[in-house]
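Could you put together the complete structure from these sequences and hints?
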Amino acid sequence: MKKFSVTERDIDRLLSGRTPADGSEARLAAFVGSARRVLSVPPDEATEAAHLKAILAAARPRPSATILPATKGRASGSSLGLRIRAAAAKVAIGALGLTTGTAGLAMAGVDLPGTLAEKAFDAVGINLPNQGRGHEGSPNASETSRRVHEAHRRRDASMSGCEFGASVSRAARGLTDESDPEHCKHDKAKKGARGRSGKGPKKPPPGQTKDHAKGKGQDGTTGKPDTPPGQTKKAEKQETEKAVSPADEESNQGNGGAPPGEASTPDDGGTAPAEDETSKKGDPGSNGAEVKK
Amino acid sequence: MNAVGQETIDGARLGAEWAWTSIYRGFSPAILGFMRAKGAHDPEGLTGEVFLQVVRDLGRFSGGLADFKAWVFTIARNRFLDDRRTSSRRPATPQRDEFLVAHGDVGDVEEEALRALGTERVKELVSRLSPDQQDVLLLRIVADMSLEEVARVLDKRVGAVKALQHRGLASLRKEISRGPVSQGALAALGETT
Numbered sequence: 003m004k005k006f007s008v009t010e011r012d013i014d015r016l017l018s019g020r021t022p023a024d025g026s027e028a029r030l031a032a033f034v035g036s037a038r039r040v041l042s043v044p045p046d047e048a049t050e051a052a053h054l055k056a057i058l059a060a061a062r063p064r065p066s067a068t069i070l071p072a073t074k075g076r077a078s079g080s081s082l083g084l085r086i087r088a089a090a091a092k093v094a095i096g097a098l099g100l101t102t103g104t105a106g107l108a109m110a111g112v113d114l115p116g117t118l119a120e121k122a123f124d125a126v127g128i129n130l131p132n133q134g135r136g137h138e139g140s141p142n143a144s145e146t147s148r149r150v151h152e153a154h155r156r157r158d159a160s161m162s163g164c165e166f167g168a169s170v171s172r173a174a175r176g177l178t179d180e181s182d183p184e185h186c187k188h189d190k191a192k193k194g195a196r197g198r199s200g201k202g203p204k205k206p207p208p209g210q211t212k213d214h215a216k217g218k219g220q221d222g223t224t225g226k227p228d229t230p231p232g233q234t235k236k237a238e239k240q241e242t243e244k245a246v247s248p249a250d251e252e253s254n255q256g257n258g259g260a261p262p263g264e265a266s267t268p269d270d271g272g273t274a275p276a277e278d279e280t281s282k283k284g285d286p287g288s289n290g291a292e293v294k295k
Numbered sequence: 798m799n800a801v802g803q804e805t806i807d808g809a810r811l812g813a814e815w816a817w818t819s820i821y822r823g824f825s826p827a828i829l830g831f832m833r834a835k836g837a838h839d840p841e842g843l844t845g846e847v848f849l850q851v852v853r854d855l856g857r858f859s860g861g862l863a864d865f866k867a868w869v870f871t872i873a874r875n876r877f878l879d880d881r882r883t884s885s886r887r888p889a890t891p892q893r894d895e896f897l898v899a900h901g902d903v904g905d906v907e908e909e910a911l912r913a914l915g916t917e918r919v920k921e922l923v924s925r926l927s928p929d930q931q932d933v934l935l936l937r938i939v940a941d942m943s944l945e946e947v948a949r950v951l952d953k954r955v956g957a958v959k960a961l962q963h964r965g966l967a968s969l970r971k972e973i974s975r976g977p978v979s980q981g982a983l984a985a986l987g988e989t990t
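Chains as they are written, first to last, in the working numbering: chain A, 3 to 295; chain B, 798 to 990.
Just so you know, these hints were derived from the structure itself, not from any lab.
Ideal placement from N, C-alpha and C gives every residue a C-beta, glycine not left out.
Hints may be right or wrong, so weigh each one.
If you want the footprint, here are the derived chain A segments under chain B, 3+ residues with CB under 8 Å [stated by the list, open to error]:
no. : stretch
1   : 11-19
2   : 48-57
3   : 92-105
Printed below as a string of structure tokens:
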């Protein structure tokens, strides 16, 4: 059989059912022409009527949605409403997720930072579980807080850290008597020594370790920062026993000036204000005599 | 198909009855012929579905008349492929006599028989081509589309469409020139023309 070799123009003629110019491929042209006629028959009347009925029913413009040509990018009224509703739904879902997440964290035992979340939940009558509310729940809390704030306000510029701490401690415990003048003697002596040496507070005095200078015991329990240089252990013990008083327990914490909120707020459960801090926190600032007990 | 112009498309967007009637009458013979030649189980039903999808998606269409033609035949081809996929998964159920009578061709019995015979022969010869060759030749012959329009419908390059067209015609020529089937087909076609 001859190879099928026709030009583009011949192909166009063949596809329209005509033979190429040279008269070749007559059978192929006849087939294409016949196929064109056979396959291009319109549907019968019944089918056409049924199709047109369905098409017109589907194409009928609805009152709510008008088909506007060439309105790309312009939102119709209904689509704008849909978008607003979708945005509102997203916000609602986000808020619900946040609330559920916060509540879930609280249920899981996470102490949520700040009181904002707790207040928000309180406002709608939901109590978040596992949240630290001891300070607020105590009946004496507001009174103790007021006393401590008062003590803080009354702070004198000449007051040493020890004295200030002692005054805050007394205020927290509701004691009204004056502080023991002997109690902060060692603090004043230390101040004097610093003044004489003219050096910064970090430099330990001769014969004293760095930890002593910082007010930290060697074993981490005594918290005796003020052993004079060259003093023996026995003398130290005597000094300690002499100086033991309820006020000392608080005054020896750190630099003696604990933040008012922490020093003054008793724990929940109605314990006496003087007892709870030392008994619960492992007594980091108590003196050596008490540790020995 | 020449009756369909830009104003017809604009009228159809507004839901005008005359526009949809014109579009249906302009495109339905070619779509139906395409479905028949491809061997669709229910060519008339598929043709109706194609137009319903055109109605649904016309709001998203943008372009001129040539684009519209290519777009409509893209829908037709996709509907056929969907139908082929779903029908291959479901077993064929025989139709009842009442259905066949109601949906059968009406008119001159002899003419209908000859036409059916011609259609069957065309289907038989076309079915020997590859699916891509079938698509190219049917869109060129039945839908009267240019090479560029066919390329757009099939999402191919014009060069690829040209090659498919040439190979398809060569295969048809080979089938026509050999064997009793092709002779019978030609005879049937000759009787119908």
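Here is how each hint holds up against the structure:
1. Three residues within the 8 Å Cβ limit are the bar, and the stretch 11-19 of chain A against chain B gives 3, so the coverage statement holds.
2. Counting residues of the stretch 48-57 of chain A whose C-beta sits closer than 8 Å to any C-beta of chain B gives 8, which meets the bar of three, so the coverage hint holds.
3. With a cut-off of 8 Å between beta carbons, the stretch 92-105 of chain A has 0 residues touching chain B; three or more are needed, and the interface restraint is violated.
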